[in-house]
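**Student:** As they're listed, the protein sequences go chains Z and R.
According to full-length UniProt numbering, the residues represented by the first sequence are 1 to 83, in order.
According to full-length UniProt numbering, the residues represented by the second sequence are 1 to 402, in order.
Treat the hints with caution; some may be incorrect.
Mimicking DSS-like on lysine-lysine, the simulated pairs with C-alpha atoms at most 27 Å apart in a straight line are [stated by the list, open to error]:
#1 K128(R) x K66(R)
#2 K82(Z) x K15(Z)
#3 K15(Z) x K166(R)
#4 K66(R) x K166(R)
#5 K396(R) x K383(R)
#6 K31(Z) x K15(Z)
#7 K389(R) x K323(R)
#8 K128(R) x K80(Z)
#9 K128(R) x K82(Z)
#10 K396(R) x K62(Z)
#11 K304(R) x K80(Z)
#12 K323(R) x K82(Z)
#13 K396(R) x K21(Z)
#14 K31(Z) x K21(Z)
#15 K323(R) x K80(Z)
#16 K166(R) x K62(Z)
#17 K62(Z) x K15(Z)
#18 K389(R) x K62(Z)
#19 K323(R) x K383(R)
#20 K21(Z) x K7(R)
#21 K80(Z) x K62(Z)
#22 K82(Z) x K166(R)
#23 K7(R) x K31(Z)
#24 K389(R) x K304(R)
#25 K21(Z) x K82(Z)
#26 K15(Z) x K169(R)
#27 K62(Z) x K82(Z)
#28 K169(R) x K128(R)
#29 K66(R) x K62(Z)
#30 K80(Z) x K15(Z)
#31 K66(R) x K33(R)
Note that these hints are calculated values from the structure, not bench results.
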Amino acid sequence: MSETVESVSALIIQKLLANPKVPRDIDGNCKIMDDLAFDSLAVMNFVMEVEDDMDVSVPLDKLADIRTINDLAACVVDLKNKG
Amino acid sequence: MTSLFSKFDGTAGALGSLVEAGGRNPFSVVIEKPVSSTVGIIEGRETLLFGTNNYLGLSQSPRAIKAAQDAAAACGVGTTGSRIANGTQSLHRQLERRIADYFGRRDAMVFSTGYQANLGMISTLAGKDDYLILDADSHASIYDGSRLSPAQVIRFRHNDADDLYKRLKRLDGTPGAKLIVVEGIYSMTGNVPPIAEMVAVKRETGAYLLVDEAHSFGVMGERGLGIAEQAGVEADVDFIVGTFSKSLGTVGGYCVSDHPELELVRLNCRPYMFTASLPPEVIAATMAALEDMAEHPELRTQLKDNAARLHAGFHGLGLNASKQVSPVIAVTLEEIGQAIMMWNRLLDLGVYVNLSLPPATPDSRPLLRCSVMATHTAEQIDKAIAIFKQAALDAKALPEAA
Chain Z
1 MSETVESVSA LIIQKLLANP KVPRDIDGNC KIMDDLAFDS LAVMNFVMEV
51 EDDMDVSVPL DKLADIRTIN DLAACVVDLK NKG
Chain R
1 MTSLFSKFDG TAGALGSLVE AGGRNPFSVV IEKPVSSTVG IIEGRETLLF
51 GTNNYLGLSQ SPRAIKAAQD AAAACGVGTT GSRIANGTQS LHRQLERRIA
101 DYFGRRDAMV FSTGYQANLG MISTLAGKDD YLILDADSHA SIYDGSRLSP
151 AQVIRFRHND ADDLYKRLKR LDGTPGAKLI VVEGIYSMTG NVPPIAEMVA
201 VKRETGAYLL VDEAHSFGVM GERGLGIAEQ AGVEADVDFI VGTFSKSLGT
251 VGGYCVSDHP ELELVRLNCR PYMFTASLPP EVIAATMAAL EDMAEHPELR
301 TQLKDNAARL HAGFHGLGLN ASKQVSPVIA VTLEEIGQAI MMWNRLLDLG
351 VYVNLSLPPA TPDSRPLLRC SVMATHTAEQ IDKAIAIFKQ AALDAKALPE
401 AA
């Protein structure tokens, strides 16, 4: 497993920036719903794309605890290491 | 001090601008009096009903009305108790037997609403180490059931059997049973899943399959059993969940299954145990409506013809309507303001449909959701299409006609 929270976080930011509506100055500490104005459905759909890139499934109950981009990255890394 | 209600500030703002934009609160429409299955009095005017899910028109079935009257006279108007205590009368068992027999299944559980049927079955079947695999566009009752369940919940892309397979394969080697949940007709869009492909995935991965036929029961399949019957895959569906509140025109939910353990589910299922059972008149009306449905397959043919007529009419106008023909036909608009204006114009001009706004819609665009009935006449459908055209022009959702 070569992924780290930093590398996954960078990948998530790169994916987010592909959406022109997302502010340009985001970093790992940005709150996905508050700072990026994603609604609950948009978050779930975005996570699905990250899941595909990382070949991992993030259970919905884990998603409830995720606030920031770094939280999501840490969760993905944790799931990858368990897998 | 923090207000208990500050969390609703966003809702209050959104509702305020919604009412300001259109002049009405779309979520507090009152049908002052139903005139027939297809016409109701709204704001004092006769209004065509194209948003009631009353697919076969059976809410007004004379046989069901008579059965309800007789049952109330004979048994009273309520059971005042839970199914596992004093809330099971012989009528409840009769209905369960009839629903199970109609589906050709071993047993049925009857719940007080369709919402509770999903809530109960999903939360009870999937335990701590199990996995629930849900279609991303699942109904709220399915998501709520998954929240009540201690299982791990994984979403797959809407109607995508390959994505379902991929997500199940990722779980290879994990302990715990896997339960896939899909719907026969998706309630917002009218989309129908590739059920045969999903069944193939289920077989290969050893998962269980629950199909919510809420909107497809009475609508699809030769006998109206839903998508599993239509696709010829009934034997591969472990649990069928449905509701009486759409095609049968009453209220209540059910689950049918061949698994003998359904009897044990009754004793572990909180949304079944900790609520009062359906009143006798509803049970009797539901059995009568089921007889109506069984004796009148032509209702289903008429419904299909009507759905095709409205679908073709919308596409003829150039509206962005559902691709598949089903009794749920959604018109997708690009902007919320446009949807609000068009929905209000429709009601002004005499057509009621459902306004669905994101995030209750699948892709962050608003929908005008229509449901067609077997009892709509061709004239009513043509009138609705003409009114849609006018409302779309008024809301600038269609280019000015040449």
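**Student:** Determine for every hint whether it applies to the structure shown.
**Tutor:** Structure-based check of all given hints:
1. K128(R) x K66(R): violated, 46 Å
2. K82(Z) x K15(Z): holds, 24 Å
3. K15(Z) x K166(R): Holds, at about 21 Å.
4. K66(R) x K166(R): Violated. K66(R) to K166(R) sits at ~52 Å, over the 27 Å cutoff.
5. K396(R) x K383(R): holds, 20 Å
6. K31(Z) x K15(Z): holds, 15 Å
7. K389(R) x K323(R): Within the cut-off at roughly 19 Å; holds.
8. K128(R) x K80(Z): holds, 21 Å
9. K128(R) x K82(Z): The hint holds at about 18 Å.
10. K396(R) x K62(Z): violated, 43 Å
11. K304(R) x K80(Z): Roughly 48 Å between the alpha carbons, so the hint for K304(R) and K80(Z) is violated.
12. K323(R) x K82(Z): violated, 42 Å
13. K396(R) x K21(Z): holds, 25 Å
14. K31(Z) x K21(Z): Holds. K31(Z) to K21(Z) sits at ~15 Å (cutoff 27 Å).
15. K323(R) x K80(Z): Roughly 38 Å between the alpha carbons, so the hint for K323(R) and K80(Z) is violated.
16. K166(R) x K62(Z): Roughly 20 Å between the alpha carbons, so the hint for K166(R) and K62(Z) holds.
17. K62(Z) x K15(Z): holds, 21 Å
18. K389(R) x K62(Z): violated, 46 Å
19. K323(R) x K383(R): Holds. K323(R) to K383(R) sits at ~22 Å (cutoff 27 Å).
20. K21(Z) x K7(R): holds, 25 Å
21. K80(Z) x K62(Z): It holds: about 14 Å lies between the C-alpha atoms, which stays within 27 Å.
22. K82(Z) x K166(R): holds, 18 Å
23. K7(R) x K31(Z): holds, 18 Å
24. K389(R) x K304(R): holds, 22 Å
25. K21(Z) x K82(Z): violated, 34 Å
26. K15(Z) x K169(R): holds, 25 Å
27. K62(Z) x K82(Z): Since the Cα atoms of K62(Z) and K82(Z) sit roughly 14 Å apart, the hinted pair holds (cutoff 27 Å).
28. K169(R) x K128(R): holds, 20 Å
29. K66(R) x K62(Z): violated, 51 Å
30. K80(Z) x K15(Z): holds, 19 Å
31. K66(R) x K33(R): holds, 19 Å
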